[in-house]
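Novice: Start from the sequences, fold in the hints, and give me the full structure.
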Amino acid sequence: MGLYLVIYFWCGTVQSESIDLSNNEASNLLELPLSCVEVEYPNKLGQVLNSDDDLLSPRTLHPSFYGCFDWHSAVHGHWSLVRLLKSFPEIEGADHAKSILEKHLTDKNIQRELKYVRENPSWERPYGWAWLLELASEIHTWDDPLARKLENSLRPLASEISKLYINHLPKLIYPIRVGEHSNTAFGLTFAWDYAVLMGDKNLRSAIETRTRDFYLSDKDCPITWEPSGYDFLSPCLTELDLMRRILPKDTFKKWANNFLPSLVSKEFVLEVGRVSDRSDGKLVHLDGLNFSRAWALKGLANQYSEYEYLSRVAETHIKYSLPNLVNDSYEGGHWLGSFAIYALLDYKQ
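Residue 160 in my numbering sits at position 160 of the sequence shown; the count goes up by one each step and never skips.
Calculated directly from the structure, the hints in this document are not laboratory data. There are no misleading hints in this set.
Here are the simulated SDA-like cross-link-like pairs (lysine to any residue), alpha carbons at most 25 angstroms apart as the crow flies:
#	residue 1	residue 2
1	LYS98	GLU40
2	LYS319	VAL275
3	LYS249	SER262
4	LYS98	VAL326
5	LYS282	VAL39
6	LYS86	THR141
7	LYS319	GLU180
8	LYS253	SER305
9	LYS254	SER265
10	LYS266	SER311
11	LYS98	GLU38
12	LYS219	GLU306
13	LYS44	TYR330
14	LYS44	LEU164
15	LYS201	SER159
16	LYS171	ASP218
17	LYS249	ARG210
18	LYS171	ARG212
19	LYS108	GLU160
20	LYS103	SER87
21	LYS115	ASN152
22	LYS163	TRP123
23	LYS282	GLU40
24	LYS171	LEU247
25	LYS44	LEU283
26	LYS171	ASP213
27	LYS266	THR224
28	LYS98	GLN111
29	LYS86	SER35
30	LYS44	LEU114
31	LYS253	ILE176
32	LYS319	THR224
33	LYS266	PRO222
Specialist: Structure representation (structure tokens):
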């Protein structure tokens, strides 16, 4: 896929050029998930304890997704492996990445993950749910013999997550509009992509209904209030990213003009989220914000050519945060690679 970036990790700079991501650069990105998906500690389990019996190790509780500090980061760490293997099948480290996927995503391990989710049905809602469905989508579209084995193993967990969405959405009266994990629009975006790809009509219907209920009347999103200090998502652009998927073109353009009037200007600018301390697990969220803004803006530019000028704003955001990925602290390194990979390779239309 053509990119507008070439990554020079080794010298800490990013120069703008319309070329493809090279195998060498992709290999540097692959090292990020490889360096965390099997790292059990430190770990933030996020569980409610009902007795001493619940005090188990991350690997025991989550044999598929025990690394990368927390469950959702482990999930999208595995997504990163699949995404890069799809685009760069001969990448250095490919055999290692495949061996990890085959070791972690077994029938037995996924059944243990499924048991935990069924016993804790609101756990990782919606952020972890969304990334699990994104992983399922990525594996489904991977043309590799290993992918069919992984897909069969993962299917029961993905199906359960779909059911949880369908059950939960009618009960959610108001959307959550923050710039962190609980953001409703983000949770619905990856779930929508999964529903469309997999032909999950019930999930698709549930998402479309609630998306229109939640967002269709929104106007004048206060993007100048962004970012908040710990954001890794833009509430305004994340909502826009969802709505462009769901609304027909003319309806979307009318809605977008009311929702973000400043976006129609070819002089549209948006200052990057600036990070003061990348060793702080919350402050480094702003690097993630830059990547997620970039994929929302570039996604819109790719879907509708009249918004092509937004690509330069996306590139500015990527250029700010990309050079900091390699040799970054674990506070950012355990998850930011996935955001960078999505921003560089995935502009879903």
